[in-house]
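Chemist: Got chain A; can you put chain B on it based on the hints?
Chain by chain, the residues run as shown.
Protein chains: 2
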Amino acid sequence: MITSQKALDIILDNTIDFGIEEIPFLESLGSVLKEDVKADRDFPPFNRVSMDGIAISYEAFAKGQIDFKIENIQAAGSEQLTLKEHTNCIEVMTGAVLPQHTDTVIPYELVTIENGVVTIDTKTVNDGQNIHQQGKDRKANDVLVKKNKIISAAEIGVLATVGKSMVKVAKQPSVLIISTGDELVEVEEQPTAYQIRKSNVYTLVSLLERLNIKAETRHITDDKSVLKQKINQFLIDYDVLLFSGAVSKGKFDFLPEVLNELGVEKNFHKVKQRPGKPFWFGCKASLGMSEQNEKKCKSTVVFAFPGNPVSTFVGCVKYFYPWYKKSVDLVFENYQKAILAEDFTFKPDLTYFLQVKLENKKGLLIAVPIMGNGSGDLANLANADAFLELPSDQTEFKTGEAFPLIRYR
Amino acid sequence: MITSQKALDIILDNTIDFGIEEIPFLESLGSVLKEDVKADRDFPPFNRVSMDGIAISYEAFAKGQIDFKIENIQAAGSEQLTLKEHTNCIEVMTGAVLPQHTDTVIPYELVTIENGVVTIDTKTVNDGQNIHQQGKDRKANDVLVKKNKIISAAEIGVLATVGKSMVKVAKQPSVLIISTGDELVEVEEQPTAYQIRKSNVYTLVSLLERLNIKAETRHITDDKSVLKQKINQFLIDYDVLLFSGAVSKGKFDFLPEVLNELGVEKNFHKVKQRPGKPFWFGCKASLGMSEQNEKKCKSTVVFAFPGNPVSTFVGCVKYFYPWYKKSVDLVFENYQKAILAEDFTFKPDLTYFLQVKLENKKGLLIAVPIMGNGSGDLANLANADAFLELPSDQTEFKTGEAFPLIRYR
Chain A
3 MITSQKALDI ILDNTIDFGI EEIPFLESLG SVLKEDVKAD RDFPPFNRVS MDGIAISYEA
63 FAKGQIDFKI ENIQAAGSEQ LTLKEHTNCI EVMTGAVLPQ HTDTVIPYEL VTIENGVVTI
123 DTKTVNDGQN IHQQGKDRKA NDVLVKKNKI ISAAEIGVLA TVGKSMVKVA KQPSVLIIST
183 GDELVEVEEQ PTAYQIRKSN VYTLVSLLER LNIKAETRHI TDDKSVLKQK INQFLIDYDV
243 LLFSGAVSKG KFDFLPEVLN ELGVEKNFHK VKQRPGKPFW FGCKASLGMS EQNEKKCKST
303 VVFAFPGNPV STFVGCVKYF YPWYKKSVDL VFENYQKAIL AEDFTFKPDL TYFLQVKLEN
363 KKGLLIAVPI MGNGSGDLAN LANADAFLEL PSDQTEFKTG EAFPLIRYR
Chain B
3 MITSQKALDI ILDNTIDFGI EEIPFLESLG SVLKEDVKAD RDFPPFNRVS MDGIAISYEA
63 FAKGQIDFKI ENIQAAGSEQ LTLKEHTNCI EVMTGAVLPQ HTDTVIPYEL VTIENGVVTI
123 DTKTVNDGQN IHQQGKDRKA NDVLVKKNKI ISAAEIGVLA TVGKSMVKVA KQPSVLIIST
183 GDELVEVEEQ PTAYQIRKSN VYTLVSLLER LNIKAETRHI TDDKSVLKQK INQFLIDYDV
243 LLFSGAVSKG KFDFLPEVLN ELGVEKNFHK VKQRPGKPFW FGCKASLGMS EQNEKKCKST
303 VVFAFPGNPV STFVGCVKYF YPWYKKSVDL VFENYQKAIL AEDFTFKPDL TYFLQVKLEN
363 KKGLLIAVPI MGNGSGDLAN LANADAFLEL PSDQTEFKTG EAFPLIRYR
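Protein chains in written order, with the numbering used here: chain A, 3 to 411; chain B, 3 to 411.
Zero decoy hints are in this set.
Any copy will do: because identical chains look the same in the list, a pair fits if it lies in one copy or spans two.
Below, simulated DSSO-like cross-link-like pairs (lysine-lysine); rule was C-alpha separation at most 30 Å, straight line:
| id | residue 1 | residue 2 |
| --- | --- | --- |
| 1 | K216 | K151 |
| 2 | K151 | K359 |
| 3 | K36 | K328 |
| 4 | K138 | K272 |
These are calculated hints, taken from the structure and not from any lab test.
The shape of chain A in the complex, shown without the other chains:
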């Protein structure tokens, strides 16, 4: 049995390059940017008026002039006007280009206007004030956003500004989530006493949706030959197979055997952790045609999580998430940590994923343990916000100690 860290290392050695695609920028929110976004021109692109008011030549004011005849109005979006008489002024609007032969803007609040003449009511006017100079923020060809980050609303704004109506982003993997287990019925069905409804596949679909991955789902009955035949095809059609269940020691836990027979190389089975110990991970370098990928040769990665709800959940956020992020070259965030709110003891030589509720106290992230009833207790996940990852080489975890945090909301 390997450690959780070793398992993660192996998984991160088996990433896949899903490729790059170009999509409309407004659909790219949440995608991973795959090109540096550069300024197409200076920002601002011209000497931009930054207050509504009047534009003058500072020289005239410096010589003691306080009354300026209004020559014209410079609106935002209009071609640049020229001040004809340098002792006159032009009314200017925020966002407008600064008129030629003017260099200073005085806001309306500090002037009086009467009969087409402006009187400046203040003594403090600075040469060049209230002008956002061309190129002050960024120069043409400056990199505004580096690639390999998730596109947020801020990046959408930048893309719009520089005219990137189409943007290169990471292609998403094709993922199939497969449930097994004859005790499972559909959500809309009424289970008999000994059946339960499918839930793990939908939890996984939702966890992947947070990564902008649209996963498909399938159910296979606990029949070895059916399992084998179907998985054989799935290995050709998908980049990633996520299984929930059928990896333990049960009579009908055919999965490791079937995957082996189909040529999927086992990287490990069982990890020193709770919950989620019987986790199986393997890869297949496939030569099959993949319609989804338009790649002739590809490999498929198989994450087979134990079927208990909390085990599946931990498996996805602890292993699949980092695997995906490395696959798309996402700049890795520092490992987030949170501070344990109360003493906790866990004796087995296993990494323990403690369910916690998060509180922010004056900038400290506090993790309050939410004890449920173990790996079967799905409802407890809804009461918590995150897992605190307690290392296997420690048994007493003290109030105030910081541990790695895996948030899921």
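Modeler: Okay, now just chain B, sitting in the frame of chain A:
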């Protein structure tokens, strides 16, 4: 001019009830739950085997018996079997119902099987072990998830488990985002020297998408009569109008005047903050028919943000976000805080929204100032993660002090 806190108070006094709708549970990720989710039966719904192995009657083992003949196999999803001979055993799989007349499960790892007979290889067997007792996690009718929280993957799993294939969630407001300003051109257009591309509307669309709101967008030219005619119709058709620009003192900043003429009551104009001072907010109690809402009488709320990119951005996350959350009765998270990483000075009597990059150091949220070039510097938003809200009654902000945090990624 009012304070930022007063502005927020006024806004939160003008929330709208958008109503409730029922949608397929798998589409509800990110929505606000509008019903308590109850357990439809006990969890687990039966005495559930939690290890693959054999089920016995503990009494037989207690009497010294270690060899048990296998009578049958109890698979997950199969009807409950009955142990006929109480000195025999039944093989049981994880997830299966515990067979009648058995009460204890011994995992395969601790037994040897030969010729249909199991020999128990351990002395430590506890009465009732490895059984997840019916109702241990939750009892039928227990509330598993309370309403008024955002549905995450964990809640999706709970909804599936209890058979809520349709779930009640908050209806979303109909929102129109309107840009004004004749200097603006479309993203795919090549602007002339004195024009710029539209970006604020797309930033706002993306910020609203994070709340699962699908907003529409429109552009109106700087023409008072056109503006008036169009806005008149928008006030009938939408719950919320978000404007960017045309609220300042410019000659073509018709918006406050037009809104006033259309009967939108001004709650305030201008807030003691930087950036985003000329923010205008008002409401109209309308009697018009709203097709979107199927409500005969409704009110429309108008957020008119200043047109600078950072001003618009701050306005949305500082005011619209809390307004939306209160409107849908979202349980308010505690005001998050972060710790300032370096000394900062800001003298004006204004709330200052400082752009910061966040770091997590051993559970402390550290805010590192990212100084841009003011409210026009959109690219700086892409370098930062959040705003730190520095109060107006303070001018020196010291390293290590915690201040309210508004994250946008």
